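Novice: The chain contents come next:
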Amino acid sequence: MRRTIRSGLIALAIVGFLDQGQALAQQLRIGLQDDPDVLDPTISRTFVGRVVFASMCDKLFDITPDLKIVPQLATGYEWSADQKSLMIKLRDGVLFQDGTKMDAAAVKYSLERHLTLPGSTRKSELTGVTGVEVVDPSIVRINLSAPFAPLLAVLSDRAGMIVSPKAAEAGAAAFASHPVCAGPFKFVERVPQDRIVLERFPDYWNKGHVKIDKVTFLPIPDSAVRLANLKSGDLDMIERVAPTDLDDIKSNPKLTTASIGELGYQGITINVANGPKSKTPIGSDERVRQAFSLAIDRQALVQVVYNGFFIADDQWTGPASPFHLDRPAPARDVAKAKALLAAAGQPHPTIHLTVPNTPTLMQTGQVIQSMAAEAGFDVQLQAMEFASALAASQKGELEALVLAWSGRTDPDGNIFSFVSCDGALNDGKYCNKEVDAALNTARTASDFAQRKAAYDKVTGITDRELPIIYLYHQKWLWALSNKLHGFTPYPDGIIRLGDVTKG
Amino acid sequence: MRRFILRRLGILVPTVIFVSMLIFALQQLLPGDPALALAGEERDPQVIQFLRHRYHLDEPLPVRYVYWVGGVLKGDLGESIRIQRPVADLVLEKLPVTAELTVLAMLVAVVIGIPAGIVAAVKRGTAWDIAANVVALWGLSTPNFWLGILLILLFSVHLGWLPASGFVSPTESLWGNLSTLIMPAFVLGNAIAAVFMRHTRSAMLQVMRSDYVRTARAKGLSERVVILKHGLRNALGPVITLGALEFGQLLSGAVLTEQVFTIPGFGKLVVDAVFNRDYAVVQGVVLCTASFYILLNLAADLLYAAINPRLRA
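Quick note, the sequences are listed as chains C and L, same order.
Reminder that position 420 of the first sequence reads as 420 in our numbering, one-by-one numbering, no gaps.
To convert, take the position in the second sequence, counting from 1, and add 1000; that gives our numbering.
For the record, the hints were derived by calculation from the structure and aren't laboratory data.
Please note that the accuracy of each hint is not assured.
Stated by the list, open to error - Across the chosen pairs, the derived CB separations fall in these ranges:
{"#": "1", "chain 1": "L", "residue 1": "1224", "chain 2": "C", "residue 2": "213", "range": "56 to 62 Å"}
{"#": "2", "chain 1": "C", "residue 1": "75", "chain 2": "L", "residue 2": "1275", "range": "40 to 46 Å"}
{"#": "3", "chain 1": "L", "residue 1": "1066", "chain 2": "C", "residue 2": "27", "range": "18 to 24 Å"}
{"#": "4", "chain 1": "C", "residue 1": "276", "chain 2": "L", "residue 2": "1178", "range": "56 to 62 Å"}
{"#": "5", "chain 1": "C", "residue 1": "322", "chain 2": "L", "residue 2": "1030", "range": "41 to 47 Å"}
{"#": "6", "chain 1": "L", "residue 1": "1300", "chain 2": "C", "residue 2": "166", "range": "34 to 40 Å"}
{"#": "7", "chain 1": "C", "residue 1": "118", "chain 2": "L", "residue 2": "1291", "range": "29 to 35 Å"}
{"#": "8", "chain 1": "C", "residue 1": "378", "chain 2": "L", "residue 2": "1125", "range": "41 to 47 Å"}
{"#": "9", "chain 1": "L", "residue 1": "1076", "chain 2": "C", "residue 2": "143", "range": "56 to 62 Å"}
{"#": "10", "chain 1": "L", "residue 1": "1030", "chain 2": "C", "residue 2": "378", "range": "29 to 35 Å"}
{"#": "11", "chain 1": "C", "residue 1": "75", "chain 2": "L", "residue 2": "1066", "range": "41 to 47 Å"}
{"#": "12", "chain 1": "C", "residue 1": "27", "chain 2": "L", "residue 2": "1178", "range": "32 to 38 Å"}
{"#": "13", "chain 1": "C", "residue 1": "99", "chain 2": "L", "residue 2": "1099", "range": "37 to 43 Å"}
Here the structure is a predicted model, which means the values were calculated and not measured.
Yeah, the Cβ is synthetic: ideal placement off N, Cα and C, and Gly gets one too.
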């Protein structure tokens, strides 16, 4: 009997010890809005995938919160005189999570994989890359067909993620089910729609900055449920919090928030030349578009729908970008809007405005509808599920669509594809040769002032012709348990866990 | 009997083929291009074209159907375009989760619904009866997602007793498993409990008026024995039939509840797949659910026929 009691006590002590060990390990549970798609940086297509990759896969370069590009797996770079090749010096002693070495050969392998793997979403980002050369084990050279200024910014995102050649050789499907990179956390397991578990990589090159032992990402689509999980202590951090929940979070002593203006924008894409649906008052006459823009009080819109939390603006770059113009959001001017409509011979034009069927975007549509009505517009709102709206917009079946863009570090990513004549995302088929020329100048120029001048020229024209009516910039909003410290918000909305501690 | 079984099995095959065609055709009515929906924010034309080609989205509908059926016959339900994993794996991964949730919900429904129905019938017209009916009406008319959010607010946020969402496998932790499923099972079981309660009540009322109950009472048996042994036994027949039907309903009805509680089951799988236009996943899940229904129906038919030989004609 005594022996039984003794062994029982020992067992209890062991359990207690193990429990304590568990408590000491720093574990983080993060609630995400969506479930990522394929966990392969070459094929990945979703924003949320980038959030998960940030903890798993280091890139050649990274950005700072104020959008400066800094080396990560690289230590430096140098452009050739003709701007057609980029030499990158790599960090020494970096290991992939499978223990193999990250060197110039691995970088060449990864970049070539981005360029050649069937279904690669990186291929179009690496426009103009003609080849990658290994100069020596710690130097690679990327050759371009023409100068491409956004390349460094591109290499600070998924295209700059270097994967283990050994793991990638196993095949795309095998790699996606167990990705191996050179980041702070290594992949442990994934249960689709449930969780992605990563744990600290002990041989990470920058391990001094990693304080967390294990990270679990949990996709929870409903923002109210995400918040409830945070409040109940089941999660330590949630992303994409609804601005309407801000007051509730602020009144909770156990929680804190972090926020920053996004790189992207929210706007209305107008069909100006894509099929018969462009032959409408708003599609065919820029004065009607100008009147529509003037009829909207962006400040009031943001106040009513987003608690005043978002940033009213009419620009295609976010306020964090050095290319953002220092000017206030345009003031509402109903009288001028009416005058423009009269001049266009359309005092009461009808507009069919399609809005993705989320509650807040529907409210946005309704606010716009009532504001525009005062200037004489008859706005007919059409709610449509997002995937259907995208398909219809691309086919030219819509007149105008409320559409968001998450934004890119380099301004090229926010404008080129949307307004250049052959742009892949130019659903309204807007085309202006002058704009195209300026966009190409901005792409190839290496000098900031030159690029800025080119973009200002683009803005000057698109402000008048309005193929997209920009409305506001969202702000990324995270809510965190106040036990978390050291979290820095970045305008790309991606969660970086370096220096984050819990306890 | 053998001929009857063979005939029923003979009908089964064309039914499954018809259902599979229906699934395939209905899905094509969904607006939105799957390649476009899956290509991501950049909507790179090359990627869209690659996806269309790889998943035969650029072929005519009948050809795609043949590809799909050909795969299904070989046990291959296709591949999720979004996460590039075999649909069969996903189905096998999610099915036990939903099955467990469904069984627990059924348990909740039986434990609440049947006793409440008995009490309401035995104490007909009293406050007990009225209370049970009000509760049943509430159970039937409360939307699952709303009740779910209320429970999360009460038990997770305010009291901190239960996790707000997620799923822990029973092999990982039995308590963890139960604590994640208790609220969703209650939400799901709640509406069925109401149905059970009403049916048990009316069946009991009918039975309690019958001659054999009167005889049992006349024999001087205690009221407890009369109710449970003579009354309930005979009243339960139709309730069990109803239960089988509700069980089938539950499997597909878990969709909203799984969304609210973020339970990675069948419902969540299919909802996410519809939004992402991940056709292969939708087809796989619906085919499995439909086959389950058909088999359940077949089992019920065979059972009835075994009990009542007149039905075999």
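Novice: Now tell me if each hint is right for this structure.
Specialist: Verification of the hints:
no., hint, verdict
1, 1224/L - 213/C: 56 to 62 Å, "holds, 59 Å"
2, 75/C - 1275/L: 40 to 46 Å, "holds, 43 Å"
3, 1066/L - 27/C: 18 to 24 Å, "violated, 49 Å"
4, 276/C - 1178/L: 56 to 62 Å, "holds, 59 Å"
5, 322/C - 1030/L: 41 to 47 Å, "holds, 43 Å"
6, 1300/L - 166/C: 34 to 40 Å, "violated, 55 Å"
7, 118/C - 1291/L: 29 to 35 Å, "holds, 33 Å"
8, 378/C - 1125/L: 41 to 47 Å, "violated, 60 Å"
9, 1076/L - 143/C: 56 to 62 Å, "violated, 43 Å"
10, 1030/L - 378/C: 29 to 35 Å, "holds, 31 Å"
11, 75/C - 1066/L: 41 to 47 Å, "violated, 55 Å"
12, 27/C - 1178/L: 32 to 38 Å, "violated, 22 Å"
13, 99/C - 1099/L: 37 to 43 Å, "holds, 40 Å"
Consistency note: the structure conflicts with the earlier hints numbered 3, 6, 8, 9, 11 and 12.
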